[in-house]
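Protein chains in written order, with our numbering: chain U, 1 to 180; chain C, 1001 to 1351.
Each hint can be trusted.
Pair ranges (Cβ atoms, derived): (1) C:Ser1068 with U:Asn82: 20 to 26 Å; (2) C:Gly1223 with U:Lys147: 53 to 59 Å; (3) U:Asn82 with C:Lys1116: 26 to 32 Å; (4) U:Val27 with C:Lys1077: 39 to 45 Å.
Partial chain U-side listing against chain C, Cβ under 7 Å, derived: (5) Ser8; (6) Gly12; (7) Leu15; (8) Arg55; (9) Tyr59; (10) Trp177; (11) Asn178.
Hints in this document: simulated from the structure, not taken from any laboratory.
Using N, Cα and C, we set each Cβ at its ideal position, and we do this for glycine too.
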Amino acid sequence: MNISTIMSFAIGAILLLAVFSTNSRVVLNSSDVTIDQIIKENINNVAEVVSYDFRKMGYGVTGAAIVSANKNEITFKSDLGNDGTVNLVTWKFNPTQSVPESVNPNDFMLTRIVDGVTTDINMVVVKFDITLLDNANNVVLNTLNAKKIKVEVVCQGAEPIDGKYNETAWQKVFQPWNIQ
Amino acid sequence: MGRSLLIICTGMIIVFGLLEMNIQKKQLQTIQRSAFYANELQARNLANAAIDITIAKLEADPAFRNNSSPWQVTLDKGIASVLIEDVNTDTLKLTSQASLDGQNTKVIAWLKQYQKSSIPNIMAAFGIYNNNFSYTGNGTYAINGYDNDNPDDSTNALPGMIVPDETSRDVVLADKNKDNIYGTGGTPSIDVNDLDFTTYTDLINELADNPLTKFIPSGNYKGTLGSEKNPGVFFIDSYVKLAGGLSEGYGIMIVRSSGDLDLSGALDINGNFIFHGLVIFEDGWKFGGAGTPLIDGAVLVGSDNPDHYIDINITGTVDINYNSKSVGYARLAADRILKPGAVFKIMKVYE
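The shape of chain U in the complex, shown without the other chains (with noise of 0.2 Å):
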């Protein structure tokens, strides 16, 4: 063997080894970035399903729109189909009632009511806060005085990263045509 092909194989196991540890480092960037991309499809989902429901908040109802309203649950009246038929919606989200199949502790059950038919929506919701603010952004209690409503909801990984659960927020200010 000569000079030059001990030196090829030496910068080669240089190259190498870098290959490798830039193999591993995306490997670890990849999922970090693919649990991110799955909190963000998670929250995405939330936010779809909430903002479907939300935006016809009181449309098609005589009378008050809002039935209950505290900082984990929502219920309202709207004809979520535009067939004619009030529906009663709930959101309700139980910081008492852990996700069975869930790894992550910090999550709980968020839970969609349609008159009566529950859909539970497992996706890693770990916050899921109302607040019922009058058209000065004032916080209201009383519902009758509510025209918008603030939904805040944070979803985590349903995987930890070097111990720690990556998290992403959505915020949205409804102020729904039908109850103003």
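Based on these hints, arrange chain C on the given structure of chain U.
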């Protein structure tokens, strides 16, 4: 060595290139998701903005339906199409659809149509819009704010008189016959409000310029003054004496400062001439009444110059009664000429 190194470097470039492409692909997915959300919101904004623009279009032309085809509304970020459908005589359904980079949204709005009126809300049987005036209520006149269309129902009752400030109220209260002013709030029924005659000045000018407005010629007038089904807009800008069998008039009558309305001739014949509608005295009070004439609707007197002095001297046994139905004749007459259009209010929205 050179060739081997070249091969290794090429291999490395390919490997790193593949890694970079994969990383970029993941970033692209994240960006696409954000763009998807932004486009969806933008499309929804487009659809809602198109509804607002369509409402403005309808207010300018309430009959606009775009031949029952979707109306294209072009906005900065895209195009929305709005289909206008009649639900019933005063309700419309607007279906607005917008698309942006593959994101489609549909917003349905129900609108209720309200007819605009050229005449502002009437606030009393007799409105004095100037604060520079004198007031004398001679004879056995009566001003009554209770709705003559349904006297037993006090829900539509108004004050007998309305004036622009407390000083003006004191002027009327100083009159010995002030107790002939009836209406809400007790006798004498005189309310105070921040009144502005310029709205009526604009109305008068618009009506004066319209060819459908009838100017009553000076002297004795023996023609018609509208009917219940066809109330009119009548202008008096010179001396006019209503005579010769006239017993009733319908609509809106405007007496300008240079005009002079004398009902005594008509009343001599009929005894009780009744005008069903609104009588506006602009810049002056030139009203002579004898017998028992009745203005069944409302009377206003004022000037666009609040300092203009007006001498209000109610003579004879003139009665001025508020009547919501008769004010309706005045509205009908003015609206028929001015065509004030309609306003549309959103009743409910499905999005």
